[in-house]
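Engineer: The lines below spell out each chain.
2 protein chains.
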Amino acid sequence: MKSILDYETVSLIDEDDALEIIDQTLLPGKIEIIRLHTAKEIWDAIYLLQVRGAPAIGVSAGMGLYLLMKHSKAQSYDEFMKELDEKSDYLNSSRPTAVNLSWALKRMKAHVEKVYAKMSPRDGVSGSFSDAVRPKLIDEMRDECQRIKQEDIDVCRRIGEYGVTLVKDGDGILTHCNAGQLCACKYGTATAPMYLAHEKGYNIKVYCDETRPLLQGARLTAFELHSAGIDTTLLCDNMSASLMKSGAVNVIFTGCDRVAANGDAANKIGTSMVALAAKRYGVPFYICAPTSTIDINTPTGADINIEQRKPEEVTEMWYKERMAPEGINVYNPAFDVTDNELIAGIVTEYGILHAPYDEAIRKLFSEIKK
Amino acid sequence: MKSILDYETVSLIDEDDALEIIDQTLLPGKIEIIRLHTAKEIWDAIYLLQVRGAPAIGVSAGMGLYLLMKHSKAQSYDEFMKELDEKSDYLNSSRPTAVNLSWALKRMKAHVEKVYAKMSPRDGVSGSFSDAVRPKLIDEMRDECQRIKQEDIDVCRRIGEYGVTLVKDGDGILTHCNAGQLCACKYGTATAPMYLAHEKGYNIKVYCDETRPLLQGARLTAFELHSAGIDTTLLCDNMSASLMKSGAVNVIFTGCDRVAANGDAANKIGTSMVALAAKRYGVPFYICAPTSTIDINTPTGADINIEQRKPEEVTEMWYKERMAPEGINVYNPAFDVTDNELIAGIVTEYGILHAPYDEAIRKLFSEIKK
Chain A
1 MKSILDYETV
11 SLIDEDDALE
21 IIDQTLLPGK
31 IEIIRLHTAK
41 EIWDAIYLLQ
51 VRGAPAIGVS
61 AGMGLYLLMK
71 HSKAQSYDEF
81 MKELDEKSDY
91 LNSSRPTAVN
101 LSWALKRMKA
111 HVEKVYAKMS
121 PRDGVSGSFS
131 DAVRPKLIDE
141 MRDECQRIKQ
151 EDIDVCRRIG
161 EYGVTLVKDG
171 DGILTHCNAG
181 QLCACKYGTA
191 TAPMYLAHEK
201 GYNIKVYCDE
211 TRPLLQGARL
221 TAFELHSAGI
231 DTTLLCDNMS
241 ASLMKSGAVN
251 VIFTGCDRVA
261 ANGDAANKIG
271 TSMVALAAKR
281 YGVPFYICAP
291 TSTIDINTPT
301 GADINIEQRK
311 PEEVTEMWYK
321 ERMAPEGINV
331 YNPAFDVTDN
341 ELIAGIVTEY
351 GILHAPYDEA
361 IRKLFSEIKK
Chain B
1 MKSILDYETV
11 SLIDEDDALE
21 IIDQTLLPGK
31 IEIIRLHTAK
41 EIWDAIYLLQ
51 VRGAPAIGVS
61 AGMGLYLLMK
71 HSKAQSYDEF
81 MKELDEKSDY
91 LNSSRPTAVN
101 LSWALKRMKA
111 HVEKVYAKMS
121 PRDGVSGSFS
131 DAVRPKLIDE
141 MRDECQRIKQ
151 EDIDVCRRIG
161 EYGVTLVKDG
171 DGILTHCNAG
181 QLCACKYGTA
191 TAPMYLAHEK
201 GYNIKVYCDE
211 TRPLLQGARL
221 TAFELHSAGI
231 DTTLLCDNMS
241 ASLMKSGAVN
251 VIFTGCDRVA
261 ANGDAANKIG
271 TSMVALAAKR
281 YGVPFYICAP
291 TSTIDINTPT
301 GADINIEQRK
311 PEEVTEMWYK
321 ERMAPEGINV
331 YNPAFDVTDN
341 ELIAGIVTEY
351 GILHAPYDEA
361 IRKLFSEIKK
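Residue numbers (my numbering), protein chains in the order written: chain A, 1 to 370; chain B, 1 to 370.
So that you can see chain A by itself, here it is in the shape it has in the complex (with noise of 0.2 Å):
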C-alpha cells in the first residue's frame, strides 16, 4: 500500500486542464484518484464531500475557478469579471457554509481586480484585453491558487513542527475527528505533529476516536495515519476515558473549527468530552489551529452557533438497517465547544499559545499584524 503522503489531496494538473482529487467517499476501501474537468465535475465533487475539509475545499475552489476561466473567450475586463463573478457564484453554491470556500473564491477575485489595477496603461486596453489582459489575469489566478495551496502545505507543516516539539519517542497520541491530511493539503492540522514525529522516526502510536455519527475518525484518520505506516489504534469516542487512565495515552492533538478570543475552541462533536478526560487523568489536550481559524471578533464559546444536522446521520447512515425506532427524537448537534481552561495550548503556525488565551491570541494578532 502507498502512503498517504505519496498522494496530494488536491492538486492542479495544468496540462490536461483538470482538478485531481483523491475520491474520499471511497475511502477507506478504495483510493481513487479522479480528475474533474467540468464546472459540475467540480461542484459535485464538493457537493459530494469527494473533496472535504476547510482548507482543501478552499484550494479546490480557488483552482476550480482559475480552470473555469482558464478558456475564457471574454473580450473586455467586464465581461470577464462578470463571467468570472458567475463561475464563482455556482462553485460557492456547492457547500455555502464552508467558509474556506467563499473565502478562497473571494481572494481569487481581489487578486484579479488588484493585478488589473496594476496594470499599466489601464485606459485604452480594452482593444487588446484578449491579446494582452486577458492572459495576464489568466496566469495570475493560475498562480494564485498554487499560493493558496502552498500556504496551506506551509501553515500545516509549521503547525507540525512546533506540536512536534510537544511529543517524545514511545509517546501514546490522540485524536478526534479528521484534522489530517485528507483535509488540508499536506501534513494536516492535528496529525501535521505525528507526521512529522513519524519522520524523525519516533516510534509513537495513535489512537483514533471513530468519532460519530460520520465516523471521519474510523474513515479517514486512521486509514491516513495507517496508510503512512504509523501504528494506528481505532476506539469508540466512548471509549476515550478508559485509554487515558490506562496510562496509554500521553498527549491529545485535535483540529478546531472555530476558536474564540478568549480560547475557548468549537471543534467535532466529542471534543470537550476528550478535554475533560484528559483534564481529570492528567493528559495535555492540545488544540492545533491555524491562525485564520482564530476569530478574534468572536468573544467566547457561548457565542459560537452551533450547526444542528439531520436525525438519519445518527439513526441509519452507514447501517444496514435503521438501528433506532421509528419517530424517535434525535439530538445530533456537529460540534461542542471546548472550554479554555481544558486546553493546556493552542498550536498555531506561530508557535504554541498558552493561557491566558485572551491575552496570547491577542498579542499575536497584533504581531501578525506588523
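Check before you lean on any hint, since a few could be wrong.
Same chains, same names: a pair is fine if it fits in one copy or spans any two.
Claimed, not checked - Straight-line distance between alpha carbons at most 30 Å, and here's what the computed DSBU-like set of lysine-lysine pairs gives:
no.	residue 1	residue 2
1	2	310
2	106	73
3	245	310
4	310	40
5	2	200
Keep in mind the hints are simulated off the structure, nothing from the lab.
Only a predicted model underlies this, so the values are computations on that prediction, with no experimental measurement involved.
Given the coordinates of chain A, work out where chain B should sit on it, guided by the hints.
Structural biologist: Just chain B now, kept in the frame of chain A:
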C-alpha cells in the same frame, strides 16, 4: 404500538411447556414474541442474545431448567440430580461468563436439594420416587423459578420507587446503554425511576446515549421508553457533554455491572465519560444497582477485570461495509470504571447510598444480614 410494559421480557407458559420471550435481536424493527420448547432452543436464545441482560438471563435459565426437568423420567433422586446437572451444565455453557446464569442454575439446584433434604421419611422413598418425590421436586422447581422472576420485579420496582424521589416533573433524564426492562423482567434498573415517573404523570424527557459499539441505547433503551409513551431523544455517546452544558439534563441514571466495596462502579464502556461531564456541569449522576451487583469482596474499581471484546464490533458490525482500514488495531473494552467521587448516589432496593460509600455499603450489608 403496544407499550413495552404490555409485554414481559421472559415468561413461563407452563401449559405449553414453553418459555416465552421477546426476540431482542429483531428490535427495534420488529416486536416478535417467540416460545422456546427444547433445550437447544433455550440455549440458542441465550447464546444469540434473543434474551439478554443479567436478570433476564438468570430467569430464563431457571425457567429453562424447570422446563427441561418437568417431564423427567428419573427413577431415583440420584438419577434426577444427575439429569439436572447435565441440563444445567448445558444451559450454563450458553454464556459462560454471565454470572446470573450460573447463579440462577445453582439456586435452582440448591433449592431442589433443600426440599429433598426436608422430605420425610427420606430413607426408603426411592421405591416411590416417581410417584411421590419427583412430582414434588418438579413443582418446587416451578415455584422457585417464578420466585426468581418475582424477586427481580420487586427489586426493580423498589429501585424505581427510591429513584423516582430524585426526579421532578418536567425533568430531563439521561441514561447510557440498556439497564431497562428488556434486561430484566419489568421496569429494569436505571429505567425504573423513569417508568415510575411516567406512571405518576410526570412530564419527563429521556435522553439515551446510543452506546457504541453494540448500540444497546439506540436499539433497546430508546425503543422501550418510546414504546411506553415516554418522550425519548437519541444521541451519540460523544454528545452528552454538549447536552448537559445546554441545561437539558437534570439527573442521570445508569445501571452497573459491578460495584466495588468503595463505591467505584463498573458499567458499560463510556459511563465514566458521562459521569465526568455530569460532574463538570453539575448534573447528579446516579448508579442503579440491586445489592446483588455490589461486590464487597472487590475492594476498588482497579480490582475489576475488564473484558476486551473483538475488533469487528467496532470496525464492521452493523455497517453496510467495513468502516475502518484493514489491519488497524482496535481498543474495545466492554466496560469502564466510574470513580466513586463522580457518583451522587447508588440507588439500591434498600434505599439510596451516599458517600462515603465504603461505610454506606458496609452498613447496608450488615443490616441485610440481620
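Engineer: Now, for every hint given, state plainly whether the structure supports it.
Structural biologist: For each hint, the structure was consulted:
no. : hint      : in the structure
1   : 2 - 310   : between (36 Å within a copy, 28 Å between copies)
2   : 106 - 73  : within (22 Å within a copy, 88 Å between copies)
3   : 245 - 310 : between (34 Å within a copy, 21 Å between copies)
4   : 310 - 40  : within (26 Å within a copy, 44 Å between copies)
5   : 2 - 200   : within (19 Å within a copy, 62 Å between copies)
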